[in-house]
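In order, the protein sequence lines correspond to chains A and B. With positions in the first sequence counted from 1, the corresponding number in our numbering is that position plus 1. With positions in the second sequence counted from 1, the corresponding number in our numbering is that position plus 52.
Just so you know, these hints were derived from the structure itself, not from any lab. Since the structure is predicted, the reported quantities are computational estimates derived from the model, not experimental observations. Where is the CB? At the ideal position from N, CA and C, for every residue including glycine. One or more of the hints may lead you astray.
[Claimed, not checked] Distance ranges between label pairs, derived from CB positions:
1. A/A241 - B/A232: 43 to 51 Å
2. B/G188 - A/G208: 50 to 58 Å
3. A/L161 - B/A119: 33 to 41 Å
4. B/R167 - A/A241: 39 to 47 Å
[Stated by the list, open to error] Not the full set, but computed from the structure, chain A residues with beta-carbon under 8 Å of chain B:
5. M2
6. L80
7. S88
8. V91
[Unchecked claim] If you want a taste of the chain A side facing chain B, the calculated C-beta under 7 Å gives, among others:
9. L7
10. R17
11. E84
12. P90
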Amino acid sequence: MRFLSLARTHARMAARQRAVWIVSLLLALLSITITVNPGLSFETDNPAALALTAQMLALLPPIAYAAAFTDLSAESERLGVSEVESSAPVHPVALTAARVAGALFVMTLPSAGVLLFCAGGQMLHGNAWAVLQSAVLFAGVVLPAALMAASLSAFAGALLPRAVARIAAIVAWFGVLFLTVFVPVSTEPGSLRLHIAADPLAQAFFGSTPLLDYPESAAASATPLEALALLVLKFTVAAALLAVAGAIARRRTYRRR
Amino acid sequence: MFISLDHLGKDFPKKPGALDDLTLDLPSGMIGLIGPNGAGKTTLMRILCGIVGPTRGRVLVDGRDIAEPRNRRALKKALGYLPQDIEPYPNLTPPEFLDYVGVLKGMDDKRERRRQADELVERVGLADVRRRRIGGFSGGMRRRVGIAQALMGDPRLLVVDEPTAGLDPEERMRFRTLIATLGGDRTVVLSTHILDDVAQTCPYVCVLRSGRLRYDGATAGLTGGAHGRTWLTPPLMAPPSGAVVVNAATTAQGTRYRIVSAAPPAGSEPVEPTLEDGYMALAADDRAGL
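Extracted from the complex, chain A is given alone in its bound form (with noise of 0.2 Å):
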């Protein structure tokens, strides 16, 4: 109940940033019109459709959460209300993990109105079960990205003064992108191209295909166990990242003390 309460109130806080909510959702938007068949995500009974509307929202606002979030973890330390919060008692643990579920609560709801939106649309062409299937996509791929990228943000955050970190956070996410999603493909000689991976939870799940499909990277499929063991990778680097962000932002020293 005192989570919620506590989630709450950074929900509020999250929500009254308004032009990050407002890119977030733009970006959301953006990632319903990017498909690879004819026809949005929307307009088919297809899983694999709904699947690749999640992995674009899992890869485009993850950008405006990067940017955002560089203050999870250094804002009540820079404003001494963390002082407040260690003289309270709440386990630090459950207040950063109310801290991050109340502003990604926020920060997500345009990803999951869109995919509830596509899913609504499938289910009118016959797909019954979108719905539960954009939940199962929601956690197992939107959320995971979202945290990957707050994590991030809050690390870079509480390393660097805020501007920079905002810039080093977007760098960073597309870091990750290409070391896991974008992989380079040699074509002809003097140029490349990159192939986009598909999310391991879709690939295992959903039947999903890499978005441009080249031979020798169609081969390279998950598996159901696979796919699981990447997701608790994922929770566990952020919780990790997290954490690292935490202590450094306690070290540092913002205010005299």
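Chain B: place on chain A using the hints.
Below, chain B without anything else, positioned relative to chain A:
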């Protein structure tokens, strides 16, 4: 609430002996905590609030060692803390921030939290701006929100660090009155450089210097330390050597100095000491190695 410090010490990597062997029993009521910058006041208050632990020694609250997580948690439930530097979250309104602090303190009854938040907003004079976000407030208004948050949950132990810094004279007096009314049935530890605030509100005072306890006892006792040593000099061209100058007033004939000295210049008049004089007398004794 009865607080007892038992050979308390705190070392920091760059400052060993930030607190050094403090043994002290704090009575309930208003307690003034004074000392120069770097004396260890904030460190002591952070230890009292369970934010950092001591390197040596113990803090006992009602006989229970707060090193025990269960006791520390119980202490934190009964605690209100106003840090020296606090700017409440700028995206919240005062009642929203107070509600958040209420949740942090474990107040589960939403209606009670709202009632207290509204009452405190009124009490610190922010009722007119209760719907405005704190980000648009002046420094003094933000300080008042800080004061109100410390009072959320009706704490039995209130620890306030420089509460009146940044407040205008009217606000300062209003806050002083508010704090004084709280001291009746709880323990209030008030750290400040404004000795007049301590003189007006605290019957008990502790003086820290370089992490060590230099005085603890009745405020009148500290003031009394300057009795017979406080003087007002005749107009002089320069401050008298060897005396601690507390104050100076320029006149047409020269400057009249209020000094603490065992050997005042000829023509000096004895005056009734204040807490400032007592504090300066103690500082002079420290420097003289007494």
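Checked hints:
Between A/A241 and B/A232 the Cβ separation comes to about 49 Å, which falls inside the hinted range of 43 to 51 Å. Roughly 53 Å separates the CB atoms of B/G188 and A/G208, a value that falls within the hinted 50 to 58 Å. Restraint check, A/L161 to B/A119: a C-beta distance of roughly 36 Å satisfies the suggested window 33 to 41 Å. Between B/R167 and A/A241 the beta carbon distance is about 42 Å. The supplied range of 39 to 47 Å therefore holds.
For the restraint placing A/M2 at the interface with chain B, the shortest Cβ-Cβ distance is roughly 6 Å, inside the 8 Å limit, so the hint holds. Given hint, A/L80 at the interface with chain B, holds; its Cβ is 4 Å from that chain's nearest Cβ, closer than 8 Å. At about 4 Å, the closest approach between the beta carbon of A/S88 and any beta carbon in chain B falls short of 8 Å, and the interface hint on this residue holds. Interface hint at A/V91: satisfied, since its Cβ lies 5 Å from the closest Cβ of chain B, which is below the 8 Å cut-off.
This hint holds: A/L7 has a C-beta 6 Å from the nearest C-beta of chain B, less than the 7 Å allowed. Taking 7 Å as the C-beta contact cut-off toward chain B, the hint placing A/R17 at the interface holds, the least distance being around 4 Å. Taking 7 Å as the C-beta cut-off, the interface hint given for A/E84 holds, the closest approach to chain B being about 4 Å. With a cut of 7 Å, the hint placing A/P90 at the interface with chain B holds, because the nearest CB-to-CB distance is about 4 Å.
Checked against the numbered hints given earlier, the structure satisfies every one of them.
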